[in-house]
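Using the sequences and the accompanying hints, generate a full structural model.
Protein chains: 2
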Amino acid sequence: MFSPLVAELIQGLRVLPGVGPKSAQRMALYLLERNRQGAQQLADVLARAMLDVQHCESCRTFSEQSLCQLCASTARDTQLLCVVESPADILAIEQSGSFNGLYFVLGGHLSPIDGIGPHELGIPQLINRLKNKEVTELILATNATVEGEATAHYIRESSKVFGVKVSRIAHGVPLGGELETVDSHTLARALNQRQRYA
Amino acid sequence: MFSPLVAELIQGLRVLPGVGPKSAQRMALYLLERNRQGAQQLADVLARAMLDVQHCESCRTFSEQSLCQLCASTARDTQLLCVVESPADILAIEQSGSFNGLYFVLGGHLSPIDGIGPHELGIPQLINRLKNKEVTELILATNATVEGEATAHYIRESSKVFGVKVSRIAHGVPLGGELETVDSHTLARALNQRQRYA
Ligand SMILES: [Zn+2]
Ligand SMILES: [Zn+2]
Numbered sequence: 001m002f003s004p005l006v007a008e009l010i011q012g013l014r015v016l017p018g019v020g021p022k023s024a025q026r027m028a029l030y031l032l033e034r035n036r037q038g039a040q041q042l043a044d045v046l047a048r049a050m051l052d053v054q055h056c057e058s059c060r061t062f063s064e065q066s067l068c069q070l071c072a073s074t075a076r077d078t079q080l081l082c083v084v085e086s087p088a089d090i091l092a093i094e095q096s097g098s099f100n101g102l103y104f105v106l107g108g109h110l111s112p113i114d115g116i117g118p119h120e121l122g123i124p125q126l127i128n129r130l131k132n133k134e135v136t137e138l139i140l141a142t143n144a145t146v147e148g149e150a151t152a153h154y155i156r157e158s159s160k161v162f163g164v165k166v167s168r169i170a171h172g173v174p175l176g177g178e179l180e181t182v183d184s185h186t187l188a189r190a191l192n193q194r195q196r197y198a
Numbered sequence: 001m002f003s004p005l006v007a008e009l010i011q012g013l014r015v016l017p018g019v020g021p022k023s024a025q026r027m028a029l030y031l032l033e034r035n036r037q038g039a040q041q042l043a044d045v046l047a048r049a050m051l052d053v054q055h056c057e058s059c060r061t062f063s064e065q066s067l068c069q070l071c072a073s074t075a076r077d078t079q080l081l082c083v084v085e086s087p088a089d090i091l092a093i094e095q096s097g098s099f100n101g102l103y104f105v106l107g108g109h110l111s112p113i114d115g116i117g118p119h120e121l122g123i124p125q126l127i128n129r130l131k132n133k134e135v136t137e138l139i140l141a142t143n144a145t146v147e148g149e150a151t152a153h154y155i156r157e158s159s160k161v162f163g164v165k166v167s168r169i170a171h172g173v174p175l176g177g178e179l180e181t182v183d184s185h186t187l188a189r190a191l192n193q194r195q196r197y198a
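Line by line, the protein sequences are chains G and B.
Read in the UniProt record's numbering, the first sequence has 164 at position 164, and its numbers run on one by one without any break.
Read in the UniProt record's numbering, the second sequence has 158 at position 158, and its numbers run on one by one without any break.
It is worth saying that the hints were derived from the structure and are not from the lab.
Keep in mind it's a predicted model, so treat the numbers as computed, not measured.
Where a beta carbon is used, it is the ideal one built from N, C-alpha and C, also for glycine.
Warning: the hint list may mix true and false statements.
What the hints assert, rightly or not - Derived coverage of chain G by chain B (criterion: at least 3 residues anywhere in the stretch with Cβ under 8 Å from a Cβ of chain B; other residues may be distant):
1) 2–10
2) 16–27
3) 34–40
4) 66–72
5) 115–126
What the hints assert, rightly or not - Going by beta-carbon spacing under 8 Å, a handful of chain G positions derived as facing chain B:
6) Y30
7) A43
8) D52
9) V53
10) E94
11) L191
Right, dumping it as structure tokens:
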């Protein structure tokens with residue numbers, strides 16, 4: 001017996017991943033009772049972010065600028081390009097403090113069954129960047145999962161013609177693990193011990 | 001390394017109860033990647049709800065109308081008044097199908113240490129409703145916790161002068177339990193076996 005607007009709010013909160021009916025109800029009542037100002041601010045930033053956040057033209061991470069902060073920076077080594085699955089992986093690698101190059105975000109991994117092929121992951125755009133010869137090493141930091149390995153393998157094969165050095169992040173990352181859940185120390189070692197493909 | 005607006009979105013999501021930094025990050029990326037339309041709708045309903053949802057003038061539950069649907073209904077027994085701690089408790093009791101009267105929402109329980117006294121719970125307003133003699137039975141359905149019991153005891157004492165029948169919801173509700181987590185069957189029995197104070 002909630003009012004129509006409260007019921008709509010509870011329903012609206014269920015777009016959030018991991019939020020079921022009970023959680024949504026608890027969140028709605030909490031915000032109405034205790035933090036209307038915070039909820040107003042959340043409404044405001046949600047609306048602005050969904051409208052203004054797009055993909056960086058260069059690396060495809062989320063950004064409200066056409067070039068993200070990292071791609072626009074003059075302090076990064078533009079010869080190193082690290083390929084990751086998700087924007088969250090950039091954060092994890094930056095926190096390891098072991099990488100000063102640029103990134104390329106696939107936004108997933110190859111998954112033919114879901115209709116996700118090279119085009120959906122921006123791989124033609126990635127390959128294009130290898131043509132101008134500025135990148136000397138491509139570091140494949142996709143997840144250490146079957147799909148991540150397959151995606152790394154595909155990119156490795158696709159980039160062979162350009163004579164660029166291609167390496168895979170070392171398997172200090174536990175097999176089957178997702179990159180963003182690994183601690184900084186392990187991630188730093190995995191980067192330092194990256195193995196060049198023969 | 002998230003853009004300022006994405007970082008602000010992640011921070012904004014942390015107003016939600018039970019959402020830490022990792023969950024907020026996962027939610028933000030999920031919405032940006034998969035459900036921008038749902039997120040826009042959430043922003044919209046959050047803004048409208050925080051602005052328009054107030055308290056029902058009669059029972060204090062949340063409502064965007066001055067009188068909530070139950071208080072405005074002509075199908076309810078206005079002689080029975082059930083006192084609950086939270087709007088969620090109304091939903092739980094309605095779902096038990098064992099009550100056809102009206103409600104009064106305290107919005108918590110007596111907690112002197114947090115500065116929550118009778119006034120904060122609207123108890124003067126509740127007492128006022130007993131003066132016009134329309135209510136013949138007051139059912140106290142506060143939680144079966146120490147604080148809920150103390151609050152029920154206080155209301156019982158305060159209403160003695162009006163000669164109204166006062167009952168306490170039966171303890172089929174597990175002791176120490178919160179009302180909204182109890183199943184409908186138990187709650188129905190608790191209502192049917194309510195004990196009139198001697
Ligand atoms: Zn970028
Ligand atoms: Zn009402």
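Report task. Tell me, in ascending order, the numbers of any earlier hints that this structure violates. Result -> Hints 5, 11 not satisfied by this model.
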